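So the protein lines, in turn, are chains Z and C.
Just so we're aligned, residue 1 is where the first sequence starts under my numbering, counting upward by one.
Just so we're aligned, residue 1 is where the second sequence starts under my numbering, counting upward by one.
No wet-lab data here; the hints were simulated from the structure.
Since we're looking at a predicted model, the values are computed, not measured.
Hints are not guaranteed to be accurate.
Simulated DEER-style distance windows between Cβ atoms [said to hold, decoys possible]:
1. Z:E437 x C:R223: 54 to 62 Å
2. Z:E522 x C:F224: 20 to 28 Å
3. C:H31 x Z:H505: 22 to 30 Å
4. Z:G584 x C:R223: 50 to 58 Å
5. Z:K574 x C:V7: 21 to 29 Å
6. C:G181 x Z:P140: 55 to 63 Å
7. C:R97 x Z:A549: 36 to 44 Å
8. C:A347 x Z:K574: 44 to 52 Å
9. C:E341 x Z:I306: 34 to 42 Å
10. Z:L569 x C:V7: 45 to 53 Å
11. Z:I306 x C:A302: 45 to 53 Å
12. C:E348 x Z:E240: 58 to 66 Å
To be clear about the criterion: a stretch of chain C counts as covered by chain Z if any three or more of its residues have a C-beta under 8 Å from a C-beta of chain Z, and this derived list gives those stretches [what the hints assert, rightly or not]:
13. 214-226
14. 263-269
15. 280-291
16. 325-331
17. 376-388
No residue lacks a Cβ here, since even glycine has one placed at the ideal position from N, Cα and C.
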Amino acid sequence: MIELDRIRNFCIIAHIDHGKSTLADRLLSLTGTLSAEKAQGQVLDNMELEKERGITIKAHAVRMEWKDPETGTPYVLNLIDTPGHVDFSYEVSRSLAACEGALLIVDASQGVEAQTISNLHLALGNDLEIIPVLNKIDLPGAEPERVRAQVVDLLGGDPDDVLMISAKAGIGIEQIIPTMVKRIPPPKGDPSAPLRALIFDSAFDQYRGAVAYVRVVDGTLRAGRTIRFLSNGAEYLVDEVGTLRLGWMPKAELSAGEVGYVIAGVKHIADTKVGDTITDAARPATEPLPGYVEAKSMVFSGFYPIESEDYEDLRDALEKLKLNDASLHYEPETSMALGFGFRCGFLGLLHREIVQERLEREFDLGLIATVPTVPYHVYTLDGEMRVIESPTQLPRPAEIERIEEPIIRAEIVVPTDYIGNIMKLAQERRAVQTGMEYLDPTRVLIHYRFPLSEIIFDFYDKLKSITRGYASFDYEFVGYEAAPMQKLDILLNGDPVDALSIIVHREKAYEWGRSLCEKLKEVIPRQQFQIAIQAAIGNKVIARETISALRKNVTAKCYGGDITRKRKLLEKQKEGKKRMKQVGTVTVPQEAFLSVLKIER
Amino acid sequence: MTESGAVPVPPDPERPFGLYVHFPYCSARCHYCAFYFVVGRDETRAAYVDAVQGEIEAAARDPRFAGRRVSTVYFGGGTPSLLAAKDVDRLLATIGRAFPGGAPNEVSLEANPDGLDRERLAGLRAAGVRRLTLGWQSLRAEGLRILTRTHGPEDNVAALAAAREAGFENVGVDLIFGWPGQDADAWLRELGEAASLGVEHVSAYELTVEEGTRLARRRDAGRFHLADEEERARMFDGTDEVLAKHGIERYEISNFARPGFECRHNLDGWRSGDLLGVGASAASHVTNARWTNVSDVDEYVARRVAGASPARASEVLPPRTWAAEDLYLGLRTTAGIDVGERLRLLAEADRAPLRAALDAARADHLVEGESRVRLTRRGRLFADTVFDALLS
Chain Z
1 MIELDRIRNF
11 CIIAHIDHGK
21 STLADRLLSL
31 TGTLSAEKAQ
41 GQVLDNMELE
51 KERGITIKAH
61 AVRMEWKDPE
71 TGTPYVLNLI
81 DTPGHVDFSY
91 EVSRSLAACE
101 GALLIVDASQ
111 GVEAQTISNL
121 HLALGNDLEI
131 IPVLNKIDLP
141 GAEPERVRAQ
151 VVDLLGGDPD
161 DVLMISAKAG
171 IGIEQIIPTM
181 VKRIPPPKGD
191 PSAPLRALIF
201 DSAFDQYRGA
211 VAYVRVVDGT
221 LRAGRTIRFL
231 SNGAEYLVDE
241 VGTLRLGWMP
251 KAELSAGEVG
261 YVIAGVKHIA
271 DTKVGDTITD
281 AARPATEPLP
291 GYVEAKSMVF
301 SGFYPIESED
311 YEDLRDALEK
321 LKLNDASLHY
331 EPETSMALGF
341 GFRCGFLGLL
351 HREIVQERLE
361 REFDLGLIAT
371 VPTVPYHVYT
381 LDGEMRVIES
391 PTQLPRPAEI
401 ERIEEPIIRA
411 EIVVPTDYIG
421 NIMKLAQERR
431 AVQTGMEYLD
441 PTRVLIHYRF
451 PLSEIIFDFY
461 DKLKSITRGY
471 ASFDYEFVGY
481 EAAPMQKLDI
491 LLNGDPVDAL
501 SIIVHREKAY
511 EWGRSLCEKL
521 KEVIPRQQFQ
531 IAIQAAIGNK
541 VIARETISAL
551 RKNVTAKCYG
561 GDITRKRKLL
571 EKQKEGKKRM
581 KQVGTVTVPQ
591 EAFLSVLKIE
601 R
Chain C
1 MTESGAVPVP
11 PDPERPFGLY
21 VHFPYCSARC
31 HYCAFYFVVG
41 RDETRAAYVD
51 AVQGEIEAAA
61 RDPRFAGRRV
71 STVYFGGGTP
81 SLLAAKDVDR
91 LLATIGRAFP
101 GGAPNEVSLE
111 ANPDGLDRER
121 LAGLRAAGVR
131 RLTLGWQSLR
141 AEGLRILTRT
151 HGPEDNVAAL
161 AAAREAGFEN
171 VGVDLIFGWP
181 GQDADAWLRE
191 LGEAASLGVE
201 HVSAYELTVE
211 EGTRLARRRD
221 AGRFHLADEE
231 ERARMFDGTD
241 EVLAKHGIER
251 YEISNFARPG
261 FECRHNLDGW
271 RSGDLLGVGA
281 SAASHVTNAR
291 WTNVSDVDEY
301 VARRVAGASP
311 ARASEVLPPR
321 TWAAEDLYLG
331 LRTTAGIDVG
341 ERLRLLAEAD
351 RAPLRAALDA
361 ARADHLVEGE
371 SRVRLTRRGR
381 LFADTVFDAL
391 LS
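For reference, chain C alone in the conformation it holds in the complex (with noise of 0.2 Å):
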C-alpha cells in the first residue's frame, strides 16, 4: 500500500523485460545535460561496476523479476563507452546467469565520438553490443561548442566509420536542434547531411533547457535566447521530410529509423513493458510500480555493500494514472496505441474521463483513430497537452 492506496500489480511472467545499465560517468560536463553524471572520480568505478553487478544478481531474486527473460539490454549514461570492454563483458555475463531465459534480442550501447577508436569499439562488439549510439549531437563545429561538447565535426564522421570497421552494422546517432544561433534551414541542412552518411537510426531532440543545468543558469543569465518558436516548431515540422528523403522514418516524436532498426528497449518502454533499471539514478518501472535510485554514487554503492535496495523514491499509481501515463506513452509512437485494449481493464468510473480527454484530442485534431489511437502531424506538437488532458 502506498498514500494514493493503489496496489502494485504481479507483472506476467512470461512477459519478457527491458534491462537498463546507467553508467554516470563522463570525462568532462556538458551544460544541457539533466542525467546524473559524474566527472572524474575514477577510483570509484570498480566498485561500481561490483555494485551494479550485485544489483542485478539481487534483483534475479526479487520474484518480480525472477525467472523472466531480459529481452533488451541498454547501457546509457553518462558516457557508458567509457566501461571497459571486460566490465560489460562481465555484466552481460551476469544478466545472461540471472535471468536464464534466453539471450536478449538486442544489446544496446551509448558512445561519445570523442576517443573511440576501432580497438575499443571492436572490444566492446567482442563484449556482445549489437547496437551503438552515438553522441554526435551536431556535425557544425558551433553546435558543439555551444553545446560545450568536447569532440569536432571531424571526430563524429570517424567514430562512424571505426564502428563500421569494428563490425557494426546498427548504428544510430543523437542529434539536438534549436540551440541558440541555429535557424531551421541551418537545422535541415545538417540532418541531411547527417542521414546522409548512412545511420540506421537517428534521435532528433529538440534542445530543451532543463531546470538547474548550467545551460539554465546560461540563459537565465541573458546570455544567450533560444530560436523564438514558431522557427522551433519549423524544425521539428521538418525533419521527418528530410530523413524520410533517406528511407529513415520517424517511429517516435523523437525517434527515426530504417524500418526494421528501431531501438528495441525503448520502443518496449513507450509500449508500457517493464523496466529494471540498474546502478545509480537508474528508474524502474513494473506495471503500475515505479522506483528509482539514489543519484549519487558513493551512495549507491554504499548501500550495495550494506546490502540495501539503492532505490529512494517509489511509487505505485493508482489505475487511472497508470493509464493516462501509459496512453502517453503509446500515442509518443507512430503506430499509437490500442485504446480500447488498454481500458478495458479499467472501472468505467476511470474510464470515462480518459475517454473523455481523448474526444476532446480528437475534436481539437491532436489524435486520431476510434480503437487504435495516434497524434495527429499536429498533434505531435502538443503530445504535452494531451497529456496533461489525460491526467485531469
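Bound-form chain Z, shown alone (with noise of 0.2 Å):
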C-alpha cells in the first residue's frame, strides 16, 4: 500500500492549442515513464480523428514516478488526461474531481482564453490546488509579462508563483514536479473505510469488455472481489486491477489515493458511467460520491443511410461506436421523407459531426443528417411534461401549454476591438448577457445566456469570421427557460417533407421560412416539372420559392464515335448524383437537409 502522503492526482487544463500535449509528453520523458523519441508524438492523443482535429477526445491517465533529487522521497504522480472540448464537460469535470491539483496552462502569446476560464472554473469548483503556468515563453510574439498579469488578475496570488516556460524547447521545465509535489495536497481519503471509487472515465476493450478508469477515495480495490455500482446496484467479480502507464499494468489492488482501472466482465461500457461510485458488495460504503448525473443529450439530429438498404449496416455501425462511447444515444426513427434511419442523441456538436465523419470514414456509409435539434421541454395542457427531441414530435399547437428550452451559460473572450460585433451577433442569437470583465486593456470576458439551440446553427464559424478568429467561446448548460417556440414546415409541391421541419422561435420564422425556401432553390436541381418550396407554420404558408421545370436535356451531337464520351460524362455526373434522395416526386440532394445550417442572418 503507498501511503497517501506519496501520491499526487492532477490534471492539466489549457485552452485548446495551448500545448497540454506537448507539457504531458514533456512530463512522461522527465520521469522516464517513456523515452524521449516515443514523447514526440503525443502519446495521449492516439485517435486518428484526434490528431487531426487537434483535440483530445477521450481522458486517459498516465502513472508516473518520480524520486526528489533533495530528499530521495518517492512519490507517485497520477496525471489524469481531461478532454479539450465542452460537449464533454461533464466528463471533464469527473477527471477533475479525481484530482487534487491542476496545471493551468496559459500560452504566453495567446492570453487567457474563454475555455482557460471555464475549465478554471471547473477546477476551483472541485476544490483544485491551481499551479499557473505560462508556455511558449520563447515564441517571438511571447508577451509574458502582459499575460502574467492576466493570470494573476484572474487567480489572486504572487506573479512568482507563475512558471514559466516552454514545453517543446525544454525552458523551465524541471521546475514543474517539485512544485506541483511542493504545492497540490496529498488525497485525503480513509484506507481503512469501505471502498468508494470514482469512475472518471471508460474505454470498451473486444477482449475484455468495459474497463473503468477510476480513482480509488476510500478503501481498498482488490481482484477477485465483488464490486457493486452505487447507481444502479449491479455487481460484478473483479478480475483485474493495475494502474496505467502506457498499457495496463496488473496489481493485485489499488489503495485509497490512488488512480487505475478495473476489469470485472462488464459487457457494456454504458455499465460503467463516469462519476459512479464503486464500492465493495461485501462491505458497501452507503454513501455514493458526489456529483454524479446521468450523462445527458443535448442535441439530436436523424441519420439516414442514403440507400435505403444500408439501414443494416448503419445499426451494426452505431452499435459499434456505442461500445466505446457511452455518451452516444440512439434510436429506430421513421421519416415520411427519408426512410428507415436513427434518432441519434449527441452531448454537443462536435460530438455530433465526430460521430457523423466515423461513421462515413470508418464505416463507409453514405449518410444523410438532418438538421440537429435541442431537447425542449414541451407542457401539454393536460399538465404532462415531454421531453421532444425532434421537430416531428412536437404536439400539435393546440395541446401546448407553453415549451421550455435549454438555456446556456456563455463565456466569450475577445479583443476589445470586436466587442461591438459581438454584442450584435449576441442580439441576432437572441443572447442577454449578464457581465462584462476586462482582463487587461486590451481584452475583454463577456458573460451571456444564451439558448442553446442559438449556437447549434454555425454559431462558431460566425464567431469567427466577426472576430478574425480572435474570439475564444466556452459554455456550461444552466436549465430551461420558456420560449415562444413554433413548427416550421417545408412542403415540396404540397408535400410536407418531415426531415426539413425546424423548431424556431415566433419572432424569426418568417426570415427563417424565407431563408430557407431561397436556399432550397438553389440546392435542389430543376426536374421535368416545376417544384413549388413552401414554408409553412400550421397551415399558413409564410413563404414560397418556385423551381422553374427543366425544359430540355439532350446533347446535340452525338454520333456513333462521340457515344463513349457522352457516357463517361454522364457517369461523371450520377457520381455525384448519388448523395441524392427521392422525396415523393422530387429528388432533394443531400445537401438540401443541410441548408438550413448555411443560411445567412
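Using the hints, put the two standalone chains together into the complex.
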C-alpha cells in the first residue's frame, strides 16, 4: 500500500492549442515513463481523428514515478488527462474530481481564453489547487508579462508563483514537478473505510469488455472481490485491477488515493457510467461520491442511410460506436421523406460531427443527417411535460401550454475591438449579456446567457468570421426557460418534408422560412416538372419559391464515335447524384437537408 | 480482358463498316469547336496524309476489319476541304485496295465555305467525293461573327452554287442555333431561308458550350449569356415544322434530309454499325470495343512512323453498357430501335433494368412503342434523361 502523502493526482487544463499535450509528453519523459523519442508523437492523443482535429476526445490517465532529488523521497504522480471540448464538460468535471490539483496552462502570446476560464471554474468548483503555467515563452510573439498579469488578475496570488516555461524547447520544465509535489495536497481518504472509487472514464476492449478508469477515494479495490455500482446496484466479480502507464499494469490492489483501472466482466460501456461510485459488495459504502449525473444528450439529429438497403449496416455501425462511446444515444426513427433511420442524441455539436465522420469514414456509409435540434421541454394542457427531441414529435399547438428551451451560460473572450460585433451577434441570437470584465486593457471577458438552439446553427463560424478568429467561446448548460417556439414545415409540391421541419422562435419564423425556401431553391436541381417550395406554420404558408421545370436535356451532336465520351460524362455526373434522395416525386440532394445550417442571417 | 472484365465480341465479317477520316487542319480557330484541330502547321500535312494512308493499310491486316467491305467513307475535321484533291484521291484509292469488297455507297466530305471555288470542288468530285456537307453555321453576319467564323453569308450562298456547278447533287449544310442574341423567331426565319435555298440535308445543332473551349472561357468570364432554356426549347421544337414545309424531314435529333438523302455514314453509326476512325483523335468502335487515337498530329505521325498503334484509350464494354449505348444511339433516330431484338442478346439480369428504364420513360411519355421504341416529341428534348436512366 502506498501512503497517501506519497501520491499526487493532477490534471492539466488549457485552452485548445496552448500546449497541453506537449507538456504532458515532457512530464512523461522527465519521469522516465517513456523515452524522449516516443514522446514525440504526443501519446495521450491516440485516435486518428483526435490528431487531425488537435483535440483530445477521450480522457486517459498515466502513472509516473518520481524521486525527489534532494530528499530521495519517491512519489507517485497520476496525470489524469481531460477532454478538451465543451461537449464533454461533464466528463471533464469527473476527471477533475479525481484530482487534487491542476496545472493551468496559458499560452504566453495568446493569453487567457474562454476555455481557460471555463476549465478554471470547473477546477475551482472541485477545490483543486491551481498551479498557473505560462507556456511558449520563447516564441517571438510571446508577451509573458502581459499574460502573467492577466493570470494573476484571474487567480490572485503572487506573480512569482506563475511558472514560466516552454514545453517544446524544454525551458523551465524542471521546476514543474517539485512545485506540484510541494503545492498540490496529497489525496485525502480513509484506507480503512468501505471502498469508494470514482469512475472518471471508461473504454471498451473487444476481449475484456468495459474497462473503468477509477480513482480510489476510500478503502481498497482488489482483484477477486465482488464490486457493486452504486447508481444501479449491479454487481461484478473483479478480474483484474492495475495502474496505467502506456498500457495496463496489473496489480493485486489499488488503495485509497490511487488511480488505475478495473476489469470486471462488464459487457457494455454504458454500464460503467462516468461519475458512478464503485464499492465492495461485501462491505458496501452507503453514500455515493458526490457529483454523479446521468449524461444527457443536448443535440439530436436524424441519421439516415442514402441507400435504404444500408439501414442494417448503419445500425451495426452505431452499435459498434456505442461500445466505445457511452454518451452516444440512438433509437430507430422513421421519416416520411427519408425512410428508416435513427434519431441520435449527442453531448454537443462536435460530438455529433465526430460520430457522423466516423460513420462515413470508418464504416464507409453514405448518410443524410437532418438538421440538429436541441431537447425542448413541452408542457401540455393536460399537465404533462414531454421532452421533444425532434420537430416531428412536437404536439399540435392547441395541445401545448408552453415550451421551454435549454439555456447555456457562455463566456466569450475577445479583443476589445470586436465588442461591438459580438454584441450584435449576441442580439441576433437572442442572448442576454450578464456581465463583462476587462482581462487587461485590450481583452475583455463577456458573460452571456444564450438559448442553446441559437448556437447549434453556424454559430462558431460566424463568431470566428466577425472577430477574425480572435474570439474564444465556451459554455455550460444551466437550465430551461420558456420561449415562444413554433414548428416550421417545408413543403415540396404540397407534401410536407418531415426531415426539413425545424423548431424556431416565433419572431424568427418568417425570416427563417424565407431564407430556407431561397436556399432550397439553390440546391434542388431542376426537374422535368415545376417544383413549389413552401414554408408553413400550421396551415399558413409564410414563404414560397418556385423552381421552374427543366425544359430539355439533350446532347445536340452525338454520333457513333462520340457515344462513349457522352456516356462517361453522364457516369461522372452520376457520382455527384449519389447523394440524392427521392422525396415524393422530387429528387432532393443531401445538401438540402443541411441547408438550414448554411442560412445567412 | 479489360478492367470491366468484358471480352470483345467478334464482328460479323459479312457486315460492312463505315470509315471515318479525320483531317484536323484549319485555317482559323472557331471558338465553340471542341473537336481536335490544329491551325496552320502546313508543313506537317504531307506526313499526316501518309500516316493516315498507313493506318488504313494497317487496318486491312487487322482481323476485325480484314476482308470486310467499306460501306461509307466520311472525311471530317478540322477542315477536310483543305485536303488537296489528289490526297483525297490517294486515300480513296488506298481504301479501295485495302478493302476490295466493292465501292462505298457514300463518300462524304465536310467543306468550309471560304475559299471553296468550283475548281476545287470539281477536283474533289473527280477524286470520288459524292456528298458535301457545307459548314454554313449561320446565314447571319452577326451569327458568323459570334461563332468566329471566317466567312460571310454571301460565301455560304456562293459555296452552294459552286457545289451545284461542280456537279454535286447531294449537298447538306450545318447550322448552329441558340447563339447569344438569337431568339427563336430569328432562328426559325433563318432556317426557312436556308431551306429555301435548296439543300438536300440540314444538320441543325443547338450551340453547346463545351468545356475547355474559348467559348466556355468567354461565358465563364461573363462576356455573353445564352438565350434562356425556354427560348432554346422553342427553337428546337420549331425546327421540324419549318424544314418539313420544304420537304426536309427529321431523321435524327439534329439531322434532317429529303427522303433518300439521309447521311448513311451517320445512320450506320446510330444503328451501332462498326466504325473505323483513322487520323488523330478519331474514334472507332467494333461491336463492344471502343478506342480513340491520340489527339496530337505529331504524336500520331510519330507512332505511325514507328509502326506503333495510334490508339490511346481503349475499352471493352460489358453487355449491359453496350446495350445502353446502342439503345441511346438508336433512340436518337426518328425510326427508333427494335428493342426486343437488341435485348434478346442479353442475359435476363442485364435485360431487366434496361426494360425497366424504358418502361419508366414510357410512363413519363418520353418514349413510345412496344417493340420498336422511339422518342416522343417531348422525349427528344429529354434524350439524355432516358440515356441516364438506361445507365442506372
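*asked:* Name the hints, by number, that the structure is in violation of.
replied: Violated hints (numbers, rising): 3, 4, 7, 8, 10 and 13; every other hint is consistent with the structure.
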